[in-house]
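4 protein chains.
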Amino acid sequence: MTQDRLILLNLKNYSQSVGDAGLELARTVDQVADETGANLVIAVPTPDIHRISSEVRLPIFAQHVDPIIPGASTGFILPEAVQKAGAVGTLINHAEHQLKVSTINATIKRVQELSMRTVVCANNPRTSLALAMLGPDAVAVEPPELIGGDISVSTAKPEIITDTVEAIREHSPGVQVLCGAGVKNGADVKKAVELGSDGVLLASGVVKHEDPRAVLLDLISGL
Amino acid sequence: MTQDRLILLNLKNYSQSVGDAGLELARTVDQVADETGANLVIAVPTPDIHRISSEVRLPIFAQHVDPIIPGASTGFILPEAVQKAGAVGTLINHAEHQLKVSTINATIKRVQELSMRTVVCANNPRTSLALAMLGPDAVAVEPPELIGGDISVSTAKPEIITDTVEAIREHSPGVQVLCGAGVKNGADVKKAVELGSDGVLLASGVVKHEDPRAVLLDLISGL
Amino acid sequence: MTQDRLILLNLKNYSQSVGDAGLELARTVDQVADETGANLVIAVPTPDIHRISSEVRLPIFAQHVDPIIPGASTGFILPEAVQKAGAVGTLINHAEHQLKVSTINATIKRVQELSMRTVVCANNPRTSLALAMLGPDAVAVEPPELIGGDISVSTAKPEIITDTVEAIREHSPGVQVLCGAGVKNGADVKKAVELGSDGVLLASGVVKHEDPRAVLLDLISGL
Amino acid sequence: MTQDRLILLNLKNYSQSVGDAGLELARTVDQVADETGANLVIAVPTPDIHRISSEVRLPIFAQHVDPIIPGASTGFILPEAVQKAGAVGTLINHAEHQLKVSTINATIKRVQELSMRTVVCANNPRTSLALAMLGPDAVAVEPPELIGGDISVSTAKPEIITDTVEAIREHSPGVQVLCGAGVKNGADVKKAVELGSDGVLLASGVVKHEDPRAVLLDLISGL
Chain A
3 MTQDRLILLN LKNYSQSVGD AGLELARTVD QVADETGANL VIAVPTPDIH RISSEVRLPI
63 FAQHVDPIIP GASTGFILPE AVQKAGAVGT LINHAEHQLK VSTINATIKR VQELSMRTVV
123 CANNPRTSLA LAMLGPDAVA VEPPELIGGD ISVSTAKPEI ITDTVEAIRE HSPGVQVLCG
183 AGVKNGADVK KAVELGSDGV LLASGVVKHE DPRAVLLDLI SGL
Chain B
3 MTQDRLILLN LKNYSQSVGD AGLELARTVD QVADETGANL VIAVPTPDIH RISSEVRLPI
63 FAQHVDPIIP GASTGFILPE AVQKAGAVGT LINHAEHQLK VSTINATIKR VQELSMRTVV
123 CANNPRTSLA LAMLGPDAVA VEPPELIGGD ISVSTAKPEI ITDTVEAIRE HSPGVQVLCG
183 AGVKNGADVK KAVELGSDGV LLASGVVKHE DPRAVLLDLI SGL
Chain C
3 MTQDRLILLN LKNYSQSVGD AGLELARTVD QVADETGANL VIAVPTPDIH RISSEVRLPI
63 FAQHVDPIIP GASTGFILPE AVQKAGAVGT LINHAEHQLK VSTINATIKR VQELSMRTVV
123 CANNPRTSLA LAMLGPDAVA VEPPELIGGD ISVSTAKPEI ITDTVEAIRE HSPGVQVLCG
183 AGVKNGADVK KAVELGSDGV LLASGVVKHE DPRAVLLDLI SGL
Chain D
3 MTQDRLILLN LKNYSQSVGD AGLELARTVD QVADETGANL VIAVPTPDIH RISSEVRLPI
63 FAQHVDPIIP GASTGFILPE AVQKAGAVGT LINHAEHQLK VSTINATIKR VQELSMRTVV
123 CANNPRTSLA LAMLGPDAVA VEPPELIGGD ISVSTAKPEI ITDTVEAIRE HSPGVQVLCG
183 AGVKNGADVK KAVELGSDGV LLASGVVKHE DPRAVLLDLI SGL
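Same order as they appear, the protein sequences are chains A, B, C and D.
The opening residue of the first sequence carries number 3 in our numbering; numbering runs sequentially from there.
The opening residue of the second sequence carries number 3 in our numbering; numbering runs sequentially from there.
The opening residue of the third sequence carries number 3 in our numbering; numbering runs sequentially from there.
The opening residue of the fourth sequence carries number 3 in our numbering; numbering runs sequentially from there.
The shape of chain A in the complex, shown without the other chains:
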């Protein structure tokens, strides 16, 4: 297993992901990371960042931040606030939370000023390449029609991964490529890695499973 290959677990806002349940799930992921040495990251609901980051060692991401500086911006998510709460990075432009391109660019810049990590999501190889040119740490390509479904992107649409990897390797080689949508087990991860991706982004396959620990161990076996 290569240390750099990443499993990024997005907790979203499932009932299993918030409050005490979210904390327990985060502890499970933390323990698995500890036991296996796998490179796991979790993106948690904003109100839970401080509580979870206080209790686990694995890196915590925000699910979204706004490209704002401290000031009068009621209800928006200040990068400094999530950082002080313990986040070391953030998802940007998730399929469920899409942004204007100037907002994505400004968010990457603001977050990088704070030395936080950035994973930008995109819906196909072409938008993935476009967003890779903005210089995030990683792009995660996820065909929206497969998100939350039963068939992994690596099985259903392998060319999405290979096209994205090829384009980004050519034009913006410093940017890592993750893939996601429908990823459920070690075989899905293995195939994603064979197709050239640097890791996977997933959510429901772990969060909604009755035995998250078992799923995580299986996923890691595919790295």
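Relax, there's no trap hidden among the hints.
Identical chains share a label here; the pair holds if one copy fits it or two copies do between them.
Using 20 Å as the maximum straight-line C-alpha spacing, the simulated SDA-like pairs for lysine to any residue come out as follows:
| hint | residue 1 | residue 2 |
| --- | --- | --- |
| 1 | 102 | 68 |
| 2 | 102 | 112 |
| 3 | 102 | 126 |
| 4 | 102 | 137 |
| 5 | 210 | 75 |
| 6 | 111 | 100 |
| 7 | 111 | 165 |
| 8 | 210 | 25 |
| 9 | 210 | 72 |
| 10 | 111 | 126 |
| 11 | 159 | 192 |
| 12 | 210 | 71 |
| 13 | 102 | 69 |
| 14 | 102 | 70 |
| 15 | 102 | 75 |
Calculated directly from the structure, the hints in this document are not laboratory data.
For this one, chain A is given, so just place chains B, C and D on it according to the hints.
What follows is chains B, C and D alone, placed relative to chain A:
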């Protein structure tokens, strides 16, 4: 002083409002509430809700929530998540974070299902009346051109308050009326109350002041 | 038939609604209005306003305008521009194009400054009442789950109409109440009128029908 | 003068740009294009597309379209509708009308299916490069702080142009590069071309000038 009259302090995202600084400010407000018995509420940055609510006794509001149920909604703010983190209410439709009317209506309904309190913001008497018909606990009228400024709405545009109070008393009498924008001292609060409002919403006048405790004591003297 | 009762036909962006096809459809509606004396209005695609208004006599509405004044606002829809192109009114906040409440309020005000008519759409009795308080000429209540469907709101959810009519009659009696969603024939219109509405808003039932003239004549029979 | 070099005049929504005034302005531009053979394009308000395209020969652009197919999309701008009204291309993502990246990508694709031309706007070299990867006909880089101002981008920030040109030539050489913001005269255009751009995008410098014909002739002298 009537217990029901409210001072709602919106911390926004000032550098004084997040992380350790925000916690210290919240403790100051808490102490003043404790000493005076005044009805104080603070609306805190989302990532700080859990930490602050764990350390103070005064009621904590979110600055914004989305009208969503638990599920796949990456980066949005789930009402249950802020409630489990300790919030007992939320601002809705702040001038800096305006929403569609069906979103406001759905948010009020979702938040009230959780028995949380709702304060909806509006920019003039007409929109205040419209939003009062949606049945929130309170409407806070704030002329946007005075927000963050030096002259209180109660001095600069008293008719904004009286028109809003009159319209809402006639058509939706169960809804409280707060006012805000430029509120800085006890005289501003006193005038706002004399004009018929049930309290004030303010931010920079306290948050950016070098002695928040002194300002709060002065504000409370006007109730 | 009462002259004031209105059938507002929203052409949306169906292929039958744009270019030559839209013009032909508009001519059909115009001819029916002429023959029957019925109070018909059509809301046409923005690029077709000038062409259609030059060729027909019936009142033309825009489907949306932005609350802007002349200036630098690339790609937005200036009320003066649709007025100069021949529109005499506009839909605002259609279910397919929802707006912030301050935007709705500003749009009503801007459009009324130009002496144009305003029909604001809403999704239920509560939001209809709220928006009626902003003083448009009419509110059109349309349960979104019935839009484009086969069962008329007047049959499926008559209480939506009666609750809306009752609330608006009590609090804002100068505002007309239209209803829409699933309206297809004269019986649907008749029932809508009996339940207290001042007319109907409809689209696909006419636009996508193979014989729009026949449908219109049937609809008018229900007024 | 190279035929391919383009002056794209965005009429925006100025009072000089709509109704009869807009038509007269369009005729002036048309006449200048005719006399000089210069490659001029105008982007006109949506309600004026049909009227202007019926009266002039020069290519007409929309200022914005939505990436929708014919159907139920009240108030949005259907690409087929602007095409049938006479537009041969469209601006996308103007600084005054910014879009999500997946929306930009979908708009380019939809508009190219109709064989219409696409000019995507961006605020700096980095976002210009990102959007060039989506394959539009041209990218127009405009630093927002200079839009509508008195100093041309080619004078105030020449590196914006050279950086954009260099990056796009390297990674997406089929995409033309326009520049804009503050462009007012032939010297500005000349410098923009010397810095490598394929033309300019401008608005107020012509539209708000008392003698648009004279300005246009001067601008063309710089090509």
